[in-house]
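There are 2 protein chains.
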Amino acid sequence: MKYVYFFGAGKADGDGEMKDLLGGKGAGLAEMTRIGLPVPSGFTITTETCDFYFKHNRQFPKDLRAEVEKNLKRLENLTKKKLGDAKDPLLVSVRSGSARSMPGMMETILNLGLNDASVAGLARATRNERFAFDAYRRFVQMYSSVVIGLPKDDFESRLRALKKRLGVKDDTEVSAEGWRELIGEYKRYFQEKTGKPFPENPHEQLWGAIGAVFESWMGEKAQTYRRVEKITGLLGTAVNVVQMVYGNTGDDSGTGVCFTRDPSTGEKTFFGDFLLNAQGEDVVAGIRTPMHLGELSKRMPKVYKQLERVRRTLERHYRDMQDLEFTVEHGTLYMLQTRTGKRTPSAAFQIAVDMVDEGLIEVEEALERIKSDDVERLFYPVIDPRMNRAELSSRKVVEGINAVPGAAVGKAVFTAEDAESWAARGEKVILVRHETSPEDVGGMNVAQGILTATGGKTSHAAVVARGWGKCCIVGAEKLDIDLQKKTMSSNGHAVREGEWITLDGSDGSVYGGQIDLIRPEPPKAFYTLLKWADKVRKLGVRTNADTPQDARVAREMGAEGIGLVRTEHMFFKDFEHPEKSGERQLAIQEMILADTSDARKAALAKLLPFQRGDFVGIFKAMDGLPVTIRLLDPPLHEFVPHDPAKQAELARKIGLSPEAVARRVEQLHEANPMLGHRGCRLCITYPEILEMQIRAIIEAAIECQKNKIKVIPEIMHPLTMDKKEMQILDQATRRVADEIIAKAKVKVEYTVGTMIELPRAALLADQIAEVAEFFSFGTNDLTQTTMGLSRDDAGRFLPEYVDERKAGIFTSDPFQTIDEAGVGLLVEWGIERGRKTRPNLKIGICGEHGGDAESVKFCHRVGMDYVSASPFRLGVARLAAAQAVLEERQKDKAKKSRN
Amino acid sequence: MKYVYFFGAGKADGDGEMKDLLGGKGAGLAEMTRIGLPVPSGFTITTETCDFYFKHNRQFPKDLRAEVEKNLKRLENLTKKKLGDAKDPLLVSVRSGSARSMPGMMETILNLGLNDASVAGLARATRNERFAFDAYRRFVQMYSSVVIGLPKDDFESRLRALKKRLGVKDDTEVSAEGWRELIGEYKRYFQEKTGKPFPENPHEQLWGAIGAVFESWMGEKAQTYRRVEKITGLLGTAVNVVQMVYGNTGDDSGTGVCFTRDPSTGEKTFFGDFLLNAQGEDVVAGIRTPMHLGELSKRMPKVYKQLERVRRTLERHYRDMQDLEFTVEHGTLYMLQTRTGKRTPSAAFQIAVDMVDEGLIEVEEALERIKSDDVERLFYPVIDPRMNRAELSSRKVVEGINAVPGAAVGKAVFTAEDAESWAARGEKVILVRHETSPEDVGGMNVAQGILTATGGKTSHAAVVARGWGKCCIVGAEKLDIDLQKKTMSSNGHAVREGEWITLDGSDGSVYGGQIDLIRPEPPKAFYTLLKWADKVRKLGVRTNADTPQDARVAREMGAEGIGLVRTEHMFFKDFEHPEKSGERQLAIQEMILADTSDARKAALAKLLPFQRGDFVGIFKAMDGLPVTIRLLDPPLHEFVPHDPAKQAELARKIGLSPEAVARRVEQLHEANPMLGHRGCRLCITYPEILEMQIRAIIEAAIECQKNKIKVIPEIMHPLTMDKKEMQILDQATRRVADEIIAKAKVKVEYTVGTMIELPRAALLADQIAEVAEFFSFGTNDLTQTTMGLSRDDAGRFLPEYVDERKAGIFTSDPFQTIDEAGVGLLVEWGIERGRKTRPNLKIGICGEHGGDAESVKFCHRVGMDYVSASPFRLGVARLAAAQAVLEERQKDKAKKSRN
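In order, the protein sequence lines correspond to chains A and B.
Once you know that position 693 of the first sequence is 676 in my numbering, the rest is easy, because the numbers rise by one and skip nothing.
Once you know that position 225 of the second sequence is 208 in my numbering, the rest is easy, because the numbers rise by one and skip nothing.
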């Protein structure tokens, strides 16, 4: 087992591919050395060594000591300096570095090798006594706190006292003598606290530092970071022992961090900060305001040119935007780190597209590089990142589940009607509810954002909001909402109706007051890249849209049809003429309260023109593209009011007694509405509902066809579970449709299919496909039933199931990313069985998963024809569909090369 | 195609096996003829002819006329009489008869062949003019109404007028002259109504009668009967044309119906009724009181002896109890019908066991003959069948779903507490609720019967009641319950608290008042037969029992262990010390309301001794047999009160504010509790609940082992869906258990397994079986999730799904009989996968299906180790398990004979 990898003088034991073993930093240093960039020499102790350390009760491997000493000797030979040398000592930094970047989470020790003897040597060699003692005091302080664990503050307070005594403000004003005095104090303190003198032996110092870096891997900070960032499967941290170079040796020195392109915009400009006469820590600490990199070209044109070359070399070498650290020591450039640079979503697109144009990468690689999060985050407004964090934190009212990212500002209102009336008079509102129901859709629609006290990421509020790309926080369980007083409170904050609040949907925080937001514009590169994705992908991408307006937006966003029109949304809201929403609601409520089939038909007749009109609008928007219309799905109780006052009002409007209305509402109550009288079961028991809806669809189609609009309606029955059930529905559908078509003498072709959203439907897909012409997997409900999870209630325990620190049973929320092992198995089975019966069965998905990248890839792999996603997730779907193809190609290639 | 089958003079074209073709009556007549019994000659037109008739627009087959005429000629030759003969005419009856008995649902025409000429011949031949004209007027009336469709009443009124004119009361007092006058009137009326004279041609009469019998197959009455009785797959009715014999030709004549054994008790006595000088119709009509069959041995000893021989012959021939019809004409016996006799459940057992003892049938056949309904119905009290139906009907308040058969009488009460307090003072009560919840269990337990306005056959009320064998009617949707006034009303009847009501669980009727019930005793034969079943069956039969008392009863009923202890029932009720139930409830409520893990633990500590005590009792009762204990399963909200008054009371008791209690209850509310925070999810989030329960189980086991009671505990985690979840539960279980066992130094062996009640668990059974040592299929919940059906809500539409007259999508309620196609597929998959991982995996079922005969057979076929049923359904399970083996043997035999 080789524990130590050397690099220096253009050669390196390791290389850039060895991130897992050498950590990102170590691999970068090795690679930069190999390709001839100016890198200080040193060696890297592997992550495997760290792993060994923790697996063997914090013992180093037997051979490590000899290996380190051998490499140290090599370093001394190369630099022609010796550790602890009293004349011109070798000084090293000892840095952590794991395979995944964990900024600031682990330890670093600089200037190692200084002691009372070598500090003099350093002073001599640099001809700068002040610098040498400054370095020494830094080292003593760092070593004492990091390696020994003495409180940092005890050193800081001594430094403050010294400066007070000297009557100076800035560290730079302290003289060599001052530092020497402080070092004396530090050492006395050290002796006092530890009972031992400060270690003068640099080898002892080195081993202490190596151990301290390893220890920091298991530090609380680092462990928490890994949990939060879901970083798993790493061996540990590497330790990089590198010759020190100094940026703080005068005005021909300095240090900087830079990005090879602008990480905010992706623009191809050299972007970074530089501090003259400073060490790297000073840039990070933000004590002095750095200068822009451009300034360097004026101050040190030679160095700048060299850096420009490095930039080009590294970009060409890594074929991606790099994040660099460098130091200039007396006019000599040293590269200290290179790694793939983090970037904003917008920059990610820009860089990917530019690099294709530049010939640096292929289109395929550009597609692979974009993460679905990038697409999603592109569209959401965010809290201005310049906002003061401490102030923000003091304003926090409560935290919930970050259901839909982005941010929103508005005045708190507590009912959907209030939301609508406030919005009607031009107010921006945030709708705050215990939970939302379809009744609230109007209010949700006009709100800037939605906050609920219950529910999970796929509760009603979350799903509806996500469809609109609207900021939404759910499951803020600690929130007390008082509907009577119209207040909410938590955490000592109370918010009354009309007071401003701000939601940060990216992390689930709710703040009091109005906080500035920024809404990003998707760059052109976004559209370019998605067009490339379209050329690669095989999966069709449709949208879920319930209104002509949604349909138009979605078409612009690249939808190739509608995969799901939820007809019930039309019953609540007239999206084109909001003032008419009341009529629709009343008609559906009359229908539900009807005692007889005739009364029901009369009420349905009132709904017919509304639905037909909506369908005409949707068909027009989708001219030439397929439109899948799902018939009425939710349980009827969702359409009627539950509080006595509203029931009385409704009773008055439709001429019934309040008792009769209350009784009917009570009758509609279900213990488990999710498993109740809903979906196609409504049309089985009330065929007149089916009849009206089919009539609306077909009459709209005829009207459009007459106006030369090409209509491809796909009529979809929800929640079927049996062939005979499907037969009854299919026959009823065709009877009504064919009669209308025959009368109108206009050619309208339609298909009849079903959602597959119950395990039984998937299991018996072969039988159901004898009747159904298409399947659309409703994986929201399929997940609920397969896993026995109510998405409205899962907030109580599902977070624990997903949280790795707790039960950690699932790796992700099964309502966000399809549970491939369980639900996915049923989907695969359903597809296979369905196509066995009907080889040309058209198969799609219309659940939330249709807009989730991992799930879209799954849909590709199992052979679906299309996915359907809400308009704002179409980009995610289009990209993921392309990535699925690329992943498949990779696998095929790997397979071929194995054979 | 042969349409007509002749029988007569000891020979017959058909035989007893040809029921489908000749109908039950025709096949019986042919068979009796063949085996030499005295049967009047005749012929049968096949059911295929009827099928042809309706499939060809009510046309007879081309060849039918010739075939009928040929057979009629044969009959005339045999009887030496001619149809319509003026001297000694042949008269025939024309009777319906399908493969399944449909008593009174189809038509019959008697005395066919009479006209003005032949009536004189009949008078001459019988030397009884009055008899001849009586027969003639009966024929004219019957023909006119049945074949032509004239209103019966128009004939009856003319008969009444005649008797008034003659000044007589009884038909028997009318002279030949009187009948002749009436015949004249009938014929004039016939001419007037139809414009044609009454048909004198007996061949025309015959064809009219044949057509009328066919038509009656599609009569409304018959169609309704078939729907209600679920009679499907029949071709139609046969038509039996048989020489008339007369029981009303004097005191050496008569007619009777009899059973070869007592159909009520199964006793081996000749049982029946006989009327002297009467026709068959008179017995059925019940106009005169018949004499017991024994009387016949005195009046006509020769005939009686002959009948006794017929009885023995037929029993030996058919190897089953027969239901016979016969007529004696001038001392000559004629057998008119034989068919397998209907019998009470009690008689079914008695006869089956007796026939084995008599060597008539084998044990296997005895087992096959008993239907699961017979077992079930054996135990239920029933409304006294002598009760006047009209009076009953006038008392009906409402109808619901017949969830648990049997009947119950009690005073209506509307809360579980009222039920308990009323019962405590010795009152018999019926508990009437909108729906029941586990809180109501105490009240349900003391009630005679349970009535709910909502829910289906597997709602909480139905399931709990079925477990106790307690009469229960659910889903009486038309019932208005006013909890404030404590009244219920429907159908114009109002019932106040304390008023008597009677439930008939066999048909779902609810009556006002106290109606007499009869509770049958299972005969010894029942126990004999079940012992035989035990020898045959391979499937183990366990019971679901939650209390020591249930366990004892179940063991007496043959349970071989407990397949399901629902620990939550112990939280509501102390079944051994009912007065202590309050303490338990309070402790569980305290646990639920606890804010911190410590408070929760303190409350759980109070529950521990109760649970431990119950387990000790159960282990004792099951000494040496396995006991499967399911940990806490229902959502916590089921344990806390929902109305403010009770919440306030609870708050007072445990020292919290009413608001705090209300808030916690509100927090526990779930949109779909069935898919919510329940099952093992409770122990994942609150490990202390698991710990207390394991402690109670293991400590009880140790206590029992110390007292030489052999304990075989199987610890079962409900609602798992993932291997990792199961691992967490398994490890927690073993950690607690092993620690207690180690400390006690007593050997206790236990196993840890899981319910499989979610589709995902079945799908991933191979993975779960890596941890679980046994599976118990919870097919109640598996049905709910696989089919997306809430059993508490399914009453709204499931009846329509099951009702053949409506959607008819399922052949039976999937909560009663397992849905083999869908849910069954998952069960099979789960078993196969589970055993792949762990070949010796013990597998059972503990849902309601474990007590349903068809489902038990399914469990046998898919290779389960045992079924678990509620105590009162153990008989059903034991028998069905045996029948499953016999069915398998039959199939194997059939397979072998094919090869």
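One or more of the hints may lead you astray.
Pairs involving identical chains hold if they fit within one copy or between any two copies, as the list cannot separate such chains.
Claimed, not checked - Each computed EDC-like pair below joins lysine to aspartate or glutamate, with the alpha-carbon atoms no more than 16 Å apart:
(1) K461 - D578
(2) K461 - E649
(3) K461 - E382
(4) K726 - E168
(5) K64 - D235
(6) K354 - D(-4)
(7) K70 - D581
(8) K38 - E480
(9) K170 - D337
(10) K45 - D245
(11) K707 - E783
(12) K707 - E756
Derived by calculation from the structure, the hints in this document are not laboratory data.
Hint check results:
no., hint, in the structure
1, K461 - D578, "between (43 Å within a copy, 13 Å between copies)"
2, K461 - E649, "between (30 Å within a copy, 13 Å between copies)"
3, K461 - E382, "within (8 Å within a copy, 47 Å between copies)"
4, K726 - E168, "neither (102 Å within a copy, 57 Å between copies)"
5, K64 - D235, "neither (23 Å within a copy, 141 Å between copies)"
6, K354 - D(-4), "neither (33 Å within a copy, 83 Å between copies)"
7, K70 - D581, "neither (106 Å within a copy, 65 Å between copies)"
8, K38 - E480, "neither (57 Å within a copy, 74 Å between copies)"
9, K170 - D337, "neither (55 Å within a copy, 107 Å between copies)"
10, K45 - D245, "neither (47 Å within a copy, 95 Å between copies)"
11, K707 - E783, "between (41 Å within a copy, 13 Å between copies)"
12, K707 - E756, "within (15 Å within a copy, 39 Å between copies)"
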